[in-house]
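> So you can see what is in the structure, the chains are spelled out below.
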Amino acid sequence: MARKIGATRSMIVVAVAAGALALAGCSSDTDTAAEETTSAAEAATLAVAEPWAKASEGPMSATFGVVTNDSDSAITIVSADTSASDRTELHETVQSDGVSTMREKDGGFTIAPQESLTLEPGGNHIMIMDIKEPIEVGDDVTVTLNLAQGDPITFTAQAKETAAGEEPYDHGGDSKDGNMDQGNMDSSDESMNMG
Amino acid sequence: MRPPAVSRRSLLLGSAAATAAVALPHAQPASAQSSASASNGAGQEAVPFHGLHQAGVETPLQAHGVFIGLDLARNVGKADLARLMKVWTGDAERLTKGQPALADTEPELAVVPARLTATIGFGPGVFQRSGLRGQKPDWLQPLPEFAIDRLKPEYTGADLLLQLAADDPITLAHAQRMMIKDAAGFAQVRWAQRGFHRAAAHTETGATGRNLMGQLDGTVNPQPETGQFDELVWISDGAPAWLAGGTGMVLRRIRMKLDDWDALSRPEKEMAMGRRLDTGAPLTGSAETDLPDFAAKHNNGFDVIPETAHVRAAAGSVNRVQFLRRPFNYDDGFLPNGNPDLGLLFAAYAANLETQFTPVQRRLAKVDLLNLWTVPIGSAVFAIPPGCDSGGFIGETLLS
Ligand code: HEM
Ligand SMILES: [Cu+2]
Chain A
1 MARKIGATRS MIVVAVAAGA LALAGCSSDT DTAAEETTSA AEAATLAVAE
51 PWAKASEGPM SATFGVVTND SDSAITIVSA DTSASDRTEL HETVQSDGVS
101 TMREKDGGFT IAPQESLTLE PGGNHIMIMD IKEPIEVGDD VTVTLNLAQG
151 DPITFTAQAK ETAAGEEPYD HGGDSKDGNM DQGNMDSSDE SMNMG
Chain B
1 MRPPAVSRRS LLLGSAAATA AVALPHAQPA SAQSSASASN GAGQEAVPFH
51 GLHQAGVETP LQAHGVFIGL DLARNVGKAD LARLMKVWTG DAERLTKGQP
101 ALADTEPELA VVPARLTATI GFGPGVFQRS GLRGQKPDWL QPLPEFAIDR
151 LKPEYTGADL LLQLAADDPI TLAHAQRMMI KDAAGFAQVR WAQRGFHRAA
201 AHTETGATGR NLMGQLDGTV NPQPETGQFD ELVWISDGAP AWLAGGTGMV
251 LRRIRMKLDD WDALSRPEKE MAMGRRLDTG APLTGSAETD LPDFAAKHNN
301 GFDVIPETAH VRAAAGSVNR VQFLRRPFNY DDGFLPNGNP DLGLLFAAYA
351 ANLETQFTPV QRRLAKVDLL NLWTVPIGSA VFAIPPGCDS GGFIGETLLS
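So the protein lines, in turn, are chains A and B. So in my numbering, spot 119 of the first sequence is number 119, and the numbers just go up one at a time. So in my numbering, spot 247 of the second sequence is number 247, and the numbers just go up one at a time.
It should be emphasised that the hints constitute simulated quantities derived from the structure, not laboratory data. Treat the hints loosely; a few may be bogus.
[Unchecked claim] Label pairs and their computed distance ranges (CB to CB):
1) S79/A <-> G41/B: 40 to 50 Å
2) G238/B <-> A112/A: 45 to 55 Å
3) E154/B <-> T142/A: 39 to 49 Å
4) S79/A <-> G227/B: 53 to 63 Å
[As the list claims (entries may be wrong)] If you want the footprint, here are the derived chain B segments under chain A, 3+ residues with CB under 8 Å:
5) 99 to 106
6) 179 to 191
7) 341 to 355
None of these values were measured; they are calculated from a predicted model. Heads up, the beta-carbon is just placed ideally off N, CA and C, and yes, glycines get one too.
Excised from the complex, chain A in its bound form (with noise of 0.2 Å):
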């Protein structure tokens, strides 16, 4: 199943890329945040709108989402987990020379009092490594965001197929670059593809 669904996105991928750039995934919608988030704890003040991970036959995936801060106090995720593997990353997306690179966003994302956070293909990202079995379509992904204010709160992610968000991952340069969508195999396509 995930390796046809890989091949058929890799098809597409050209064609779509230039409207999916721009808006995949990057809406919020604040009134539905509390109801689609399983908080953890009472005081958790973080709610997760629209929450999803990228389908991946390995070895990386990512989930989005819209985080608001409905408190009135900055919050920092510091980490988080996921059920479909034990190594997460918080990454970002930042340009240089036209090209957008993924890396580790040092010191986490601080939400300010009452804005959101929004996590989508291309931009920031929660970056799920090392992935123990293909995530395929539909599945569900429990995530859980670690804050350094109060306790983690907990959400439930399904997977979905993207064509968007193809970034090259700038790890410093010490591992060796891989292709997490076997479907992708295209020579002339260096980048990850990892949301």
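Put chain B with the ligands on the given structure of chain A with help from the hints.
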């Protein structure tokens, strides 16, 4: 540090585009968009997706509809189908509320719910998959062949049905785009049949629609939320059990030979139907809802409503409502011979297609005068599973 790899996308778009993409402000919250984009409030009506039954059956007709038939990929089994149903359910939950789907690439198109409904059906092919054999209702099989049929494979049969309808064509196109995109790898579209009624603003919600022959079409129908509707349409006993709260559906694509039909006089057209064109009243009555009197005769002894009239042939000796008809009109341009390519996407819903629908179709195929001007060119049958609650998914009674 090795030099950053150049992605296909950057090559495609150039550096300016890549930078601009990130600099773009994020989309407004969906709620803000909704109020901004629909100043007169039209289009903001939403049909609840959750419930005992799927929406889109009892729902008053929307202005636009599309019936999409898909075939499952060869390797799709029960668990895969469940995953597709979870994703489709998530899409439908959001889109019917006027919210973007998850990973929606065009969220601006989602903000007008316009009574969008998404109705999912399972064709006979679903039950050839491992884990699902033996779950097929007996009546779920291709209709018998009728002498009038000129079925084309491109409109006939499918493993899955996705029936979408809304009062706004952009809402509909967007829902179709998202949900078909999300089916990639699971299923491939075999056909998509688009249909329409009058614009929502130009008709009363729930009023009988007109077909492209000009007739009021849908008069004799069970009324939503009545015991009669429950009995005729919704499966209660559940044979098989997973279908309790669901229904059966027939889609027939019926071409109208309007050039020939228009050669008839108005009285001839009304005789062929047994009802008046203007009011939709039976030829034996004066109002649309009057019961036809098939025994009534002219002074010369001829039947007022001939035996060959469509409504008389359809009613048979039963002469009471037998199932739900919820058709859409289609108009797809012109045939090579210059005739218009238009007709009816005849959609009927019944708890048991074999006992309720097929006898009517059999009678009509034999005696209906309307057959001279109509040709069935597509046919498909589906089991429509029950609805689901928040947290559940369509098909869960079969697939979980
Ligand atoms: C292009 C094809 C068709 C056209 C234009 C058409 C049109 C109509 C119209 C105008 C009526 C009268 C108003 C009403 O009760 O809705 C009617 C009634 C009806 N039609 Fe059709 N129809 C078509 C095909 C079919 C088919 C394929 C079936 C079923 C196999 C069917 C079954 C019925 C039934 C059961 C009634 C109600 C009869 C009664 O009890 O009075 N129709 N149709
Ligand atoms: Cu990343």
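> Each of the hints needs a verdict: does it hold here or not?
Taking the hints in turn, this is what the structure says about them:
1. S79/A <-> G41/B: 40 to 50 Å: Holds, since S79/A and G41/B (Cβ atoms, about 45 Å apart) stay within the stated range.
2. G238/B <-> A112/A: 45 to 55 Å: Holds, at about 54 Å.
3. E154/B <-> T142/A: 39 to 49 Å: holds (43 Å)
4. S79/A <-> G227/B: 53 to 63 Å: Hint holds: Cβ distance 58 Å, inside 53 to 63 Å.
5. 99 to 106: holds (count 7)
6. 179 to 191: With 5 residues closer than 8 Å to chain A, the segment 179 to 191 of chain B meets the three-residue bar; holds.
7. 341 to 355: violated (count 0)
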